[in-house]
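So the sequences go chain by chain: A and B. Going by our numbering, the residue at position 65 of the first sequence is 65; the numbering climbs one at a time, nothing skipped. Whatever position you read off the second sequence (first residue = 1), add 598 for our numbering.
Hints were generated in silico from the structure; no laboratory data involved.
Within a straight-line C-alpha distance of at most 27 Å, the following computed DSS-like cross-link-like pairs (lysine-lysine) qualify:
| id | chain 1 | residue 1 | chain 2 | residue 2 |
| --- | --- | --- | --- | --- |
| 1 | B | LYS890 | A | LYS567 |
| 2 | B | LYS935 | A | LYS574 |
| 3 | B | LYS862 | A | LYS567 |
| 4 | A | LYS563 | B | LYS612 |
| 5 | A | LYS572 | B | LYS935 |
| 6 | A | LYS262 | A | LYS355 |
| 7 | B | LYS892 | A | LYS573 |
| 8 | B | LYS890 | A | LYS563 |
| 9 | B | LYS935 | A | LYS573 |
| 10 | A | LYS355 | A | LYS315 |
| 11 | B | LYS935 | A | LYS569 |
| 12 | B | LYS890 | A | LYS573 |
Examples of chain A residues toward chain B, derived with CB under 10 Å:
| id | residue |
| --- | --- |
| 13 | GLN522 |
| 14 | ARG546 |
| 15 | LYS561 |
| 16 | LEU564 |
| 17 | LEU565 |
Beta carbons are placed, not taken as given, at the ideal position from N, Cα and C, and that holds for glycine.
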Amino acid sequence: MRNIRNFCIIAHIDHGKSTLADRMLELTGVIHTTSNEQVLDSMDLERERGITIKAKAVRMPYKARDGQEYILNLIDTPGHVDFNYEVSRSLKACEGAILLVDASQGVEAQTIANAYLAVDAGLEIIPVINKIDLPGAMIDECRFQLEEMLGIPGEDALLVSGKEGTGVPDLLEAVISRIPSPPDRSDEPLACLIFDSYYDSYQGVVPHIRLFSGSVRAGDRIMLKSNKKTFDVNDVGYFTPQMTRAEVLKSGDVGYLQATIKEVGTVRVGDTIISAAHPETAAVPGFRHSQPMVFCGIYPVNTNDYGKLTIALEKFQLNDSSIVYEKETSAALGHGYRLGFLGMLHMEIALERLKREFGQELIATMPSVVYKVVNTKGEALMIDNPSKFPDPVYIDHIEEPIIRARIIVPTDYVGPCMELSESKRGKLVSMEHPDGRRAMLTYDFPLAEIITGYYDKLKSVSRGYASMDYELAGYRTGNLVKVDVLVKGNQVDALSYISDRDNAVSKARILVHKLRKVIPRQQFEIPIQAAIGGKVIAREDIVPIRKDVLAKCYGGDITRKRKLLEKQKEGKKKMKMVGAVEVPQEAFLLLLKMEDET
Amino acid sequence: MRGLYVHIPFCVRKCAYCDFYSLPGRTELIGSYVQAVLSESTKYADLSFQTLYLGGGTPSLLGGRNLRTLVNGLRRSFSLSELVESTIEVNPESATAELLETAWDVGFNRVSIGVQSLSDGELKSVGRVHDAAQAIEAVTLALRLDFEVSVDIIIGLPGQNWQTLENSLETLTKLGVQHLSMYCLALEHGTPLALNPPDSLPSDDLQAELFELASSFLGREGFGHYEISNFARKGHECLHNLNYWRCGEYLGLGTAAASHLGGKRFKNRADLHAYLNNPIGQVEEVEELDAKEKAAEEAMLRLRLLSEGLDAGGLAERFGRENAAVVIGRLNGMAEKGLLVSDGSSYRLPPSRVLTSNPIFARVLLG
Numbered sequence: 001m002r003n004i005r006n007f008c009i010i011a012h013i014d015h016g017k018s019t020l021a022d023r024m025l026e027l028t029g030v031i032h033t034t035s036n037e038q039v040l041d042s043m044d045l046e047r048e049r050g051i052t053i054k055a056k057a058v059r060m061p062y063k064a065r066d067g068q069e070y071i072l073n074l075i076d077t078p079g080h081v082d083f084n085y086e087v088s089r090s091l092k093a094c095e096g097a098i099l100l101v102d103a104s105q106g107v108e109a110q111t112i113a114n115a116y117l118a119v120d121a122g123l124e125i126i127p128v129i130n131k132i133d134l135p136g137a138m139i140d141e142c143r144f145q146l147e148e149m150l151g152i153p154g155e156d157a158l159l160v161s162g163k164e165g166t167g168v169p170d171l172l173e174a175v176i177s178r179i180p181s182p183p184d185r186s187d188e189p190l191a192c193l194i195f196d197s198y199y200d201s202y203q204g205v206v207p208h209i210r211l212f213s214g215s216v217r218a219g220d221r222i223m224l225k226s227n228k229k230t231f232d233v234n235d236v237g238y239f240t241p242q243m244t245r246a247e248v249l250k251s252g253d254v255g256y257l258q259a260t261i262k263e264v265g266t267v268r269v270g271d272t273i274i275s276a277a278h279p280e281t282a283a284v285p286g287f288r289h290s291q292p293m294v295f296c297g298i299y300p301v302n303t304n305d306y307g308k309l310t311i312a313l314e315k316f317q318l319n320d321s322s323i324v325y326e327k328e329t330s331a332a333l334g335h336g337y338r339l340g341f342l343g344m345l346h347m348e349i350a351l352e353r354l355k356r357e358f359g360q361e362l363i364a365t366m367p368s369v370v371y372k373v374v375n376t377k378g379e380a381l382m383i384d385n386p387s388k389f390p391d392p393v394y395i396d397h398i399e400e401p402i403i404r405a406r407i408i409v410p411t412d413y414v415g416p417c418m419e420l421s422e423s424k425r426g427k428l429v430s431m432e433h434p435d436g437r438r439a440m441l442t443y444d445f446p447l448a449e450i451i452t453g454y455y456d457k458l459k460s461v462s463r464g465y466a467s468m469d470y471e472l473a474g475y476r477t478g479n480l481v482k483v484d485v486l487v488k489g490n491q492v493d494a495l496s497y498i499s500d501r502d503n504a505v506s507k508a509r510i511l512v513h514k515l516r517k518v519i520p521r522q523q524f525e526i527p528i529q530a531a532i533g534g535k536v537i538a539r540e541d542i543v544p545i546r547k548d549v550l551a552k553c554y555g556g557d558i559t560r561k562r563k564l565l566e567k568q569k570e571g572k573k574k575m576k577m578v579g580a581v582e583v584p585q586e587a588f589l590l591l592l593k594m595e596d597e598t
Numbered sequence: 599m600r601g602l603y604v605h606i607p608f609c610v611r612k613c614a615y616c617d618f619y620s621l622p623g624r625t626e627l628i629g630s631y632v633q634a635v636l637s638e639s640t641k642y643a644d645l646s647f648q649t650l651y652l653g654g655g656t657p658s659l660l661g662g663r664n665l666r667t668l669v670n671g672l673r674r675s676f677s678l679s680e681l682v683e684s685t686i687e688v689n690p691e692s693a694t695a696e697l698l699e700t701a702w703d704v705g706f707n708r709v710s711i712g713v714q715s716l717s718d719g720e721l722k723s724v725g726r727v728h729d730a731a732q733a734i735e736a737v738t739l740a741l742r743l744d745f746e747v748s749v750d751i752i753i754g755l756p757g758q759n760w761q762t763l764e765n766s767l768e769t770l771t772k773l774g775v776q777h778l779s780m781y782c783l784a785l786e787h788g789t790p791l792a793l794n795p796p797d798s799l800p801s802d803d804l805q806a807e808l809f810e811l812a813s814s815f816l817g818r819e820g821f822g823h824y825e826i827s828n829f830a831r832k833g834h835e836c837l838h839n840l841n842y843w844r845c846g847e848y849l850g851l852g853t854a855a856a857s858h859l860g861g862k863r864f865k866n867r868a869d870l871h872a873y874l875n876n877p878i879g880q881v882e883e884v885e886e887l888d889a890k891e892k893a894a895e896e897a898m899l900r901l902r903l904l905s906e907g908l909d910a911g912g913l914a915e916r917f918g919r920e921n922a923a924v925v926i927g928r929l930n931g932m933a934e935k936g937l938l939v940s941d942g943s944s945y946r947l948p949p950s951r952v953l954t955s956n957p958i959f960a961r962v963l964l965g
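The shape of chain A in the complex, shown without the other chains:
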């Protein structure tokens, strides 16, 4: 038995996970000073948005009150509803989880979702009530909620203030006493799970690994279980949190491995690394694969950058294996990719990161879900791009993905939440009252309604108090139509969208109106139309521009005049040509923005 504890912290967003992690790192001497910047959230974007996106691991040496030395491996997990998949793969590397509940907020929707994931993964759960220093802390109520909503004995909960450090030493002791040590299977052949990875231009792909059996050191020959590719290990080590070289990693350890894996597509998170000498070793079981729910097209603004985009995506997927992509060609936008994401936040963050980290200017199209289109021959086609829909005469019916959402909301806001949910085609499944203050609503929604700003609106109608989590709940036949958009008679495939029939006309009118506002006036009249099949359901016209002229002579400064014209032309290059019409990039995301406002 080795003195190792592998654990993670799971919580609803903003319940103080990163602050608690920092306090643990300080107590174990891994970091010395307290700054506002949280150590585990190393990406700029995470700090800006205050959420943890990528899981990472830190090794903390700890001398317990029993006098023994322990190694604590803290594996960080993201805290947003979109990132269940990343949570689940972090859980797989652990034996235990700290379930954190904000004493002033109580158990929220993601607390429940994450707790279920941890139970499913067979982890030992340590319930912790955090932020007990806050004046609004409701400790007894939190204990009650843990029992009522999760079946976890309330008296087992530890009381902690991550901010002030209260209770953290006891928590570290609880990690030692309650979470089991990983079983020692050092004598068996190597089997380790890849739970994360990153790409470095010198070292190639660096997998982050959890060893379940055997050991690995520099010089070993390893094999990737899924594709049988073999590599020589150059180096192994831990995160302290910097990468620190070690002589050997053994069963139960968490660390990294370098083997000059240059080809980006080779390593998949969730794969198992085994010893090349024992190709029969079984893969680590039970790994949950990501299921993209939201899709959108991305296109380089400059069509010459397509090659660069391809390379950027390959590298990006290595760092975020939950993204899927395939080639796509749009008549309006040229060559690009169709990307699949776990949810809307995931999409926003991923696109932002692609732009920032890879220096790419991108046009992203309106997000879509995957529809099941059953044609008149009875064949079911899974279609993630409205422009790929067959002609309506060949469609028997369309099914759309449904999610089951769990919404926890103070009783005062139940009315507005239900009103909002019904406007989004939600069907109430059940309403419970887990405590006197709050209601737990279970709704079935078409996923398409949720991806366009529902969560933000839920927050706003509940003054920020509602929390939500969801899971896919199958497909249901919907009364759906495909709406096409025509700009000066040319259909713009990237603007096609699927709408429920009842709202199709009003939605089309708003979109057409917005398009009229963002497309600049040009030298000719531009009709903007929305149509179902061949039937126009909305139309507005952009009148021709009347004035675009450089008059002044500047005492014969012709060069200046010429440069002004060149600059103007340069600005137009950022637009996409649809037939003869220059369409600005923002037009392709209008539908999304429109949803935010209505």
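Mind docking chain B on chain A? Use the hints.
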């Protein structure tokens, strides 16, 4: 044909829309500035010119004595005996009888008066120094002295409407001006007007409408629309400016002045003090285009001349058939779409495209 331009960078105060290089209130430097211009002129000694244009800023701020010194000095440096047109820009408040008489006396035969509008409200809204009465007085005076008179008019001043504009145009044409330059007001980056645009600023659409109404009005009054911003009675077109659009040579003296000589375009730095210290060392931004680019530039410039237009044969002659072919291809493409009018060998910008000519010119230049 070669023109001489002298830039006078002084103003009483800066107008709210102005982004030309001029400095308000530094009139004490005028004497030394004239001397600096004359020093610079020696660098290009013995060139001959057919037109002279004193622009600004406000050249009428020079006063009679400095004006005489300047012109006499230029006559010593250059051969000015062939001058057929000499223009001085004046502002109504400084276009005194004394100044205009001196101007006539030293050889100017044309004045361009910065009238801009004959509505006191509009003038005030952009910080013009003069009022309508002063403008009328200056025009009357110049005409009485037998100058060819051109006036500047701004389309799109705050509060402007067709009634006020028509009134300005009617008064000016009745007085007998032979030439009008009409510019649409542009909000140039960094100017007070751009930073703080008043609510009464006409929209682009209204500007376009006003410009079109004004253009028809002037047509009825016998003025030809010979260049995008310029209208003249027959035979009164501005030769100096025509030379710009015909891609002719010109020398610009003074700070911030631009030149086109020997196939090169160059420009003096816009820095009065640097100019005073070293008038012959201010050239920057020397540019010499290759033959293809030159052909495109000339095409772009000549298309501004609405009735004269561009002759394809002339272009091929000057730049070589092959070099002209690229731009002629572009012109033919646009002619097919109705953006230009062509008879197969010459091209013109149709009057209906004047106000939306930028994209056309951009395509002439860049394809």
